[in-house]
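Those protein sequence lines, which keep their order, are chains A and B. Numbering of the first sequence is given in this note's numbering, commencing with residue 1 and proceeding in unit increments. Numbering of the second sequence is given in this note's numbering, commencing with residue 1001 and proceeding in unit increments.
Source of the hints: derived by calculation from the structure; they are not laboratory data. No experiment lies behind these values; they were computed from the predicted model shown. Don't take each hint at face value.
Lysine-lysine pairs mimicking DSSO-like chemistry, simulated, CA-CA at most 30 Å apart [claimed, not checked]:
#1 Lys61(A) <-> Lys49(A)
#2 Lys1014(B) <-> Lys61(A)
#3 Lys49(A) <-> Lys68(A)
#4 Lys1014(B) <-> Lys49(A)
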Amino acid sequence: AQSVTQPDIHITVSEGASLELRCNYSYGATPYLFWYVQSPGQGLQLLLKYFSGDTLVQGIKGFEAEFKRSQSSFNLRKPSVHWSDAAEYFCAVGVADTGNQFYFGTGTSLTVIP
Amino acid sequence: NAGVTQTPKFQVLKTGQSMTLQCAQDMNHEYMSWYRQDPGMGLRLIHYSVGAGITDQGEVPNGYNVSRSTTEDFPLRLLSAAPSQTSVYFCASSYVLADGYTFGSGTRLTVV
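Build the full structure now, drawing on both the sequences and the hints.
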């Protein structure tokens, strides 16, 4: 069965510090990979996506993610975190062979200290 | 474009009551899904649809029904509400998998 693992439930960083959120997936082929952000009380917004090509992808709000096939990982990074980045972050895997299903990780909650 | 519209935003039900959560999208997306979000569990897929007239079960379908009579609408029906169905429900749609899903703003449901 497909699975998505976000090993960090909660991360705290200082404003201006760098950030890396981890995501590992379990799937036979290279799936479609996504990162979403959810602010409190809001829906989910797509940050970035990967399905082929350059393994380093750029997204909105200064975020980037790197796909590493050998590690089955798709980690999200940001060089300098802003207080407004405090939110819940979800990694998702898209599976084409069963009706475009998306499987989500359990999320990482980010707190930013001024 | 309104995107994905969910109604209502909040709902309180008594155990055993039934209700329908509405979801509509105006982007001509073929793929639509319903998720529930619970603390510490991420988003879990309830039901999904790959087009009008076609639906299938996701990870946690028990207690829920769906239908897809039009491309635009994908309602989720709770047949007999239980406290375990207290959750935040999200509807999402997609044109193609590579685009990712567009999410509605959610419905917060409390079953007492």
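Verification of the supplied hints:
With a C-alpha separation of about 14 Å, the suggested pairing of Lys61(A) with Lys49(A) holds against the 30 Å cut-off. Proximity of Lys1014(B) to Lys61(A) is assessed by CA-CA distance (about 42 Å); at most 30 Å being required, the pair is judged violated. For the hint pairing Lys49(A) with Lys68(A), the CA-to-CA distance comes to about 14 Å; that is within 30 Å, so the pair holds. Distance restraint check for Lys1014(B) and Lys49(A): the Cα-Cα separation of roughly 40 Å exceeds the 30 Å cut-off, and the hinted pair is therefore not satisfied.
The structure fails hints 2, 4 (numbered hints given earlier, in ascending order).
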